[in-house]
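Position chains P, D, W, X and G with the ligands relative to chain V; hints supplied.
Chains as they are written, first to last, in the working numbering: chain V, 1 to 438; chain P, 1 to 438; chain D, 1 to 438; chain W, 1 to 112; chain X, 1 to 112; chain G, 1 to 112.
Worth flagging that the hints you see were computed from the coordinates, not collected in a lab.
Incorrect hints may have been included.
Stretch-level coverage of chain P by chain D, calculated; a stretch enters the list once three of its residues show a Cβ under 8 Å from a Cβ in chain D [to be verified]:
1. 29-39
2. 129-141
3. 214-227
4. 263-272
5. 309-318
Restricting the straight-line Cα-Cα distance to at most 20 Å, the calculated cross-link-like pairs of lysine to aspartate or glutamate (EDC-like) are [as the list claims (entries may be wrong)]:
6. K43(W) to E220(P)
7. K284(D) to E418(V)
8. K107(W) to D68(X)
9. K107(X) to D71(G)
10. K3(X) to E85(X)
11. K3(G) to E50(X)
12. K3(X) to E106(W)
Label-pair distances were calculated between CB atoms; the ranges are [unchecked claim]:
13. E106(W) to A397(D): 38 to 46 Å
14. R40(G) to S104(V): 52 to 60 Å
15. A102(D) to G107(P): 57 to 65 Å
16. T416(P) to A408(D): 52 to 60 Å
17. D435(D) to T411(P): 30 to 38 Å
18. K364(D) to A29(P): 33 to 41 Å
The model shown is predicted, which means the values in this text are computed figures rather than measured ones.
No residue lacks a Cβ here, since even glycine has one placed at the ideal position from N, Cα and C.
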Amino acid sequence: MKKLLRIGFLLPVFWLLVSNFAWAAGTPAIDTGDTSFVLVSAALVMLMTPGLAFFYGGMVRRKNVLSTIMQSFIIICIVSVQWVLFGYSLSFGPDKSHLLGALSWLGLKGVGLEPNPDYAATIPHLAYAAFQLMFAIITVALVTGSFAERMRFPAFLLFTVLWTTIIYDPLAHWVWGAGGWMRNLGVLDFAGGTVVHISSGVSGLITALVLGKRLGWGSEAMRPHDLPMTVLGASLLWFGWFGFNAGSALSANGLAASAFVVTNTSAAAAALSWIFTEWILQGKPTVLGAASGCVAGLVAITPASGYVGPLPAVIIGLFAGVICSLAVSYLKVRLGYDDALDAFGVHGIGGTWGALATGLFASKAINPAGGNGLFYGNPGQLWVQFVGVVATWLFAAVLTLVILKLVAVFTSLRATAEEETMGLDLPMHGERAYDHIL
Amino acid sequence: MKKLLRIGFLLPVFWLLVSNFAWAAGTPAIDTGDTSFVLVSAALVMLMTPGLAFFYGGMVRRKNVLSTIMQSFIIICIVSVQWVLFGYSLSFGPDKSHLLGALSWLGLKGVGLEPNPDYAATIPHLAYAAFQLMFAIITVALVTGSFAERMRFPAFLLFTVLWTTIIYDPLAHWVWGAGGWMRNLGVLDFAGGTVVHISSGVSGLITALVLGKRLGWGSEAMRPHDLPMTVLGASLLWFGWFGFNAGSALSANGLAASAFVVTNTSAAAAALSWIFTEWILQGKPTVLGAASGCVAGLVAITPASGYVGPLPAVIIGLFAGVICSLAVSYLKVRLGYDDALDAFGVHGIGGTWGALATGLFASKAINPAGGNGLFYGNPGQLWVQFVGVVATWLFAAVLTLVILKLVAVFTSLRATAEEETMGLDLPMHGERAYDHIL
Amino acid sequence: MKKLLRIGFLLPVFWLLVSNFAWAAGTPAIDTGDTSFVLVSAALVMLMTPGLAFFYGGMVRRKNVLSTIMQSFIIICIVSVQWVLFGYSLSFGPDKSHLLGALSWLGLKGVGLEPNPDYAATIPHLAYAAFQLMFAIITVALVTGSFAERMRFPAFLLFTVLWTTIIYDPLAHWVWGAGGWMRNLGVLDFAGGTVVHISSGVSGLITALVLGKRLGWGSEAMRPHDLPMTVLGASLLWFGWFGFNAGSALSANGLAASAFVVTNTSAAAAALSWIFTEWILQGKPTVLGAASGCVAGLVAITPASGYVGPLPAVIIGLFAGVICSLAVSYLKVRLGYDDALDAFGVHGIGGTWGALATGLFASKAINPAGGNGLFYGNPGQLWVQFVGVVATWLFAAVLTLVILKLVAVFTSLRATAEEETMGLDLPMHGERAYDHIL
Amino acid sequence: MTKLSCIIRPEKLEAVKAALSKLGNCGMTVSQVVGCGSQRGWKEVYRGVETTINLLPKVKVEIVVKDDQVDQVVDAVCSAARTGEIGDGKIFIYPVANVIRIRTGEKGEGAI
Amino acid sequence: MTKLSCIIRPEKLEAVKAALSKLGNCGMTVSQVVGCGSQRGWKEVYRGVETTINLLPKVKVEIVVKDDQVDQVVDAVCSAARTGEIGDGKIFIYPVANVIRIRTGEKGEGAI
Amino acid sequence: MTKLSCIIRPEKLEAVKAALSKLGNCGMTVSQVVGCGSQRGWKEVYRGVETTINLLPKVKVEIVVKDDQVDQVVDAVCSAARTGEIGDGKIFIYPVANVIRIRTGEKGEGAI
Ligand SMILES: Nc1ncnc2c1ncn2[C@@H]1O[C@H](COP(=O)(O)OP(=O)(O)O)[C@@H](O)[C@H]1O
Ligand SMILES: Nc1ncnc2c1ncn2[C@@H]1O[C@H](COP(=O)(O)OP(=O)(O)O)[C@@H](O)[C@H]1O
Ligand SMILES: Nc1ncnc2c1ncn2[C@@H]1O[C@H](COP(=O)(O)OP(=O)(O)O)[C@@H](O)[C@H]1O
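In isolation and in its complexed conformation, chain V is listed as follows (with noise of 0.2 Å):
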């Protein structure tokens, strides 16, 4: 009698035991919940892209819009086919001098439907690749903010290959990839500061200045053409950001709550900070205000969304939208570039803002796999996060540089004036926008 119950009790104990001490062996096992909120969060950072597409498109001019939508659209379809060729093996493979990823992963071969725990032990390989895909896209996209207007179609296209392969693919192996530098280093990036936002603006910047301002920048007026597009497009790249943050806990976890929650508590404060700046100084609190105010506010969190409590996000927000609100109409008419929808002054010094701030507000006590910044005892954070920021400049700005140059030996780069005041849509894409006489 003992003996049978003990049998048919060690039955089960036994797939009990076996099962554990695979798990205790560290095999990597599929948990649903987080591969569905991957899944979902990749989805939802796909869908920024267009996001930023309308939020860029209702900013142009009428007779630009589908040139600027294209832009974003077509980098969707050029960095996905790259990705899987190439892309993702460059930057995630396995490491090569802490500089880039081998070639081994080349059209995916190997990343598989097992978890791959360097970069997430709970999910499929695949789910990793495909969030970290909806990244490469975005960064890309973020650029085309500053060249808007005036840029040739080939050329752009070729810009585009090039800089997700030699810009992007190197910095999310440094950041990200297992064995990067800054990884190693400590530079605390939950969901790409420095890879996605600083290196998107500078890239932009350097972009807006090679090619030149606008035909009657300064003289004529450039308004947005639709501005409840430009809202659209804001208002998905906060519902997809959500995605962008907390997806990057890549476990449904209290983490990921604790990401969503910052993020969005920046984006808010940020447009406050940006309207009520507007307000003051200008005379109005604007829409496109408030619109490019929790974008500079969501930007100014990515880095830090891992990393700080809901209080910090509320200062990071704030900083955020005065900062970036002040960039973008005092520096940038100071200076005199031509950043047309401001990639620069929103991405790159909302980013910067950010990874220097994620040195200031981390804490253990929010993630114990990051870090303590300067305000919880620990200065060298910000040191770390400093050089992570510079490194990030420097090499966005002088392969960017590279990059145009080298494209200008192809094609050249910047429309003719003709097609400039004809707007872009008709000669380079041979379509109009609306059908404003039947």
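Quick look at chains P, D, W, X and G with the ligands alone, frame taken from chain V:
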């Protein structure tokens, strides 16, 4: 041999034991599936407010579209910050006399990465707070539909801060807070029929009455300026409402699936009954009717969504479409108030119908934690629901009046005739939505 | 001591034992991660139909935009109610001669909060029903692209009810219903190449032929009236399609991740190949081409998405873009039918290519529950796919013809010349989309 | 024949239409314009760049009438469109050489 | 010189353009208008509020021609824009005092 | 009185407005038009269907002035709107029979 086996066997079992005891002792453990579901639901509910911005924005005249969109958008920002600072504590903090939460969770202090079993035992407390935040946001935003096209922006800002703090936070405590009196009384409100829809609809009505009619009301045609924008808004609302209702199960379980199905069913039925009502009474089935109808159906099913099955959902939806459509086309005209975008007609009336319908159709077969309604043998529930409805009407109406009087002390509520004629976009925000002449 | 330990030890183990036995005995248990994934996927797929409304709405002339959007929107409502009342039962109810589901699940009776292991063992049966509903909705909506700008609204309503009942419900049973003949035959259709795309595309073609060409076809320019709206639609389609294809794994697992990746890859590849085809043959890479291309890629990968790896997805996408682009630009013009928005050209042709491509590229390495295709040594699969395609073409074509004849008995199908000239929005719905003169 | 081109406030369009149809006059062509005159403009700001827009939305109503109807139409439009505030607009009066009804080919006053 | 201001159905714009270019005449300025005349209006309903819109979409084509071309242009427009149904529109003919080509400063008929 | 109807490039509107306000002239009515003339068109393609659009976006600025101001306004507009490339546009000059200020009922030159 046997001993070795036994030891190798005991070790993991011991671990199991401990973890099981922990579990048995009721220490809540995070479930990644539930957390994923609630975080994604929170993101979906967040998207509803921009959805509402477009739903409303399309219905106003071209000259007011930005000011209308801005109201919803800024509400996201204001309430997000208020919630983190003190709103969540007021609503869900430790109970004070069944009326309000204590201020012990200011700045989300103590609202952490672990579950709070009072509210949701399997998700991080912060995830619950984030999810609830999105409800607070959309509720205030709904009110703006009544006073569109005539309220001054500074007055609106003040109104928002006061309304969410003085009306929403206590109401949320009454109905959902641990210890709230309506919750104790047994009022069934799964996802916010009273808290969200009645309160906003009734407050909208009061505000519309206090502000007075728009200039030209009754004589000029006030046509929607962009109906596709309204359909976009309705679609985002419908999409987000899955998070609103199904997410309110706070777990990815059968109840969530049931809430999902009845939500969709009621929306569909109401859209159909609205357009058929129009078709019969006014001659054409309109697109605005379909968009309004689905929202009416979503409103009505909200309080019932966790308690009723699919066939009652069809009935609730069909009635919602008819009732709200009549309220909007006849009641408003008869009584002569200018509820500009029908926040009262759809949310006030629809929410009331839904709260009462919950008392008719609720069934313990769907949700054992709920109750039975009149048609399932428990007339008492209808009475309880009625009490909840009346209390909400009175509370919202009286306090809205008080808030408006208070705001009027500091700043004038209504735009000047010149501003209103010009459209609020230029005077309030210094912007125009579209650049019709370049 | 030892005894005590053993008892303390036995208790939880006993519980485990029981739960394990339960599990072993195959009683399905709900997995929250899977449920979360499928419910969110259902929401994503729901959003596709409004997405389609905008995709199509942007392509029609200004005077028809509301009637076009209304068709998709009302389809959501009609099919949602039909599905709950009897549609789900017809499709997935207990098998009748491999052709249809029995009516035993009318009103979703018996479709409950527990899993139905015939379809999905780890999610509530209602979640499965909700997910499948969204497929039924979008399929009918796709058809409307062919007959845009000329069908009367009452005829359209009748057509919708009949089409979804007589064509969609049986087809879904054949391919996905337990006992359906195509399923038994081994036709591989992961997410609806035959059921959704071929059926809608072919039915669209037939309807376009029966209704005849739009007035002025071939002589007047019929330009899209709002291309950013079309891009918005395409973006929402792409976003929702992650739910469509990855969600069809019905579990948040490696297969879902794989489906997610190949879906995105094929969309991207097809958009690129479409615009390069245009660029070479017609001189410009267009935004409409990019938007149409991504949809073509999504269509083509749909049946294959659970069976192929990333590199085959690149190939499937590249071909889809070229084939569909040629179908739309040359085949249509050559044969001279007025498939207004190319539902046939994209969904009929693209779906056929995808179904056959599944027979080429399917691999058991990706999905052991699937099959191998021609290139993996199993030419039989291609034949089976071919049978599935032919059956679907015939079934959809013949029954659409029957339905149209039937509808024509009750009400005239086509708008009068005056209505068509005026645009359908005013005569059918008494509304105009935009208020160009206030 | 004479053409009256009336630049009015957008919100007065309905009133003007009503006034004209009271006169039995229902032929008109309407378009959206922006204009400036004595009315002050509004300041616009986009990301710190300020511009004054003094072109404000107006509606142009063009009415071709027989010469003997000019005065009564002018009076009708004026009283329907007037608010008394700056920005009420103008009526510009032009000679018309001829009118042709496309449908019938009719010419002259009969075609109006 | 003479200006022809043709109010036509929107869907006839292409045909009118084609007819004009057959005449070798390609100078024109086109705008979107709404208008009413004998054509009946349509009922609009928004949330129960009914209005009749009798302003229907039209296109205005303005063509400035030498005086001796007026007749042939009128004929060309009429036959291209005619459907025979009410609502085909009108051609209004106005005298033009002068024309200046901005690019060159040329004046008079040569500038057309 | 005289009406100047200036068809200009959209991007020249600001310059023309500035030039006019330098003359102390701020009354004008502006509308969006499309036009063709000697300027070449652009090819459009939608899903393989190709059309040439030769109607390009322009802006129409209508200015009513006293007869003695015509020349200086013409000069101002011309020099502000000129690029020297084809497509700069035209100024059409029409006689005006009368002007009425709706607000006050004033007529004639004083109403401009
Ligand atoms: N000289 C002019 N030429 C053309 N249009 C004019 C002229 N003066 C005024 N307008 C039109 O009349 C509108 C109203 O004129 P405004 O001077 O502002 O008001 P008021 O006539 O009441 O003084 C302007 O917006 C403009 O469209
Ligand atoms: N008296 C008028 N003044 C200005 N525009 C007019 C006048 N009469 C007609 N129109 C314009 O001509 C269009 C067609 O006129 P309508 O009378 O409907 O058709 P038809 O000329 O075939 O009888 C109208 O929509 C309007 O734009
Ligand atoms: N005969 C005409 N009648 C009416 N509008 C004209 C005529 N000729 C030209 N226009 C208008 O003037 C614009 C510029 O004319 P275009 O001939 O292209 O340039 P340019 O005057 O520099 O030669 C055209 O787009 C059109 O709007």
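Hints versus structure:
| no. | hint | in the structure |
| --- | --- | --- |
| 1 | 29-39 | holds (count 6) |
| 2 | 129-141 | violated (count 0) |
| 3 | 214-227 | holds (count 5) |
| 4 | 263-272 | holds (count 7) |
| 5 | 309-318 | holds (count 5) |
| 6 | K43(W) to E220(P) | violated, 27 Å |
| 7 | K284(D) to E418(V) | holds, 17 Å |
| 8 | K107(W) to D68(X) | holds, 18 Å |
| 9 | K107(X) to D71(G) | holds, 12 Å |
| 10 | K3(X) to E85(X) | violated, 25 Å |
| 11 | K3(G) to E50(X) | violated, 39 Å |
| 12 | K3(X) to E106(W) | holds, 18 Å |
| 13 | E106(W) to A397(D): 38 to 46 Å | violated, 52 Å |
| 14 | R40(G) to S104(V): 52 to 60 Å | holds, 54 Å |
| 15 | A102(D) to G107(P): 57 to 65 Å | holds, 59 Å |
| 16 | T416(P) to A408(D): 52 to 60 Å | holds, 58 Å |
| 17 | D435(D) to T411(P): 30 to 38 Å | holds, 31 Å |
| 18 | K364(D) to A29(P): 33 to 41 Å | holds, 37 Å |
Taken one by one, the earlier hints fail for this structure at numbers 2, 6, 10, 11, 13, listed in ascending order.
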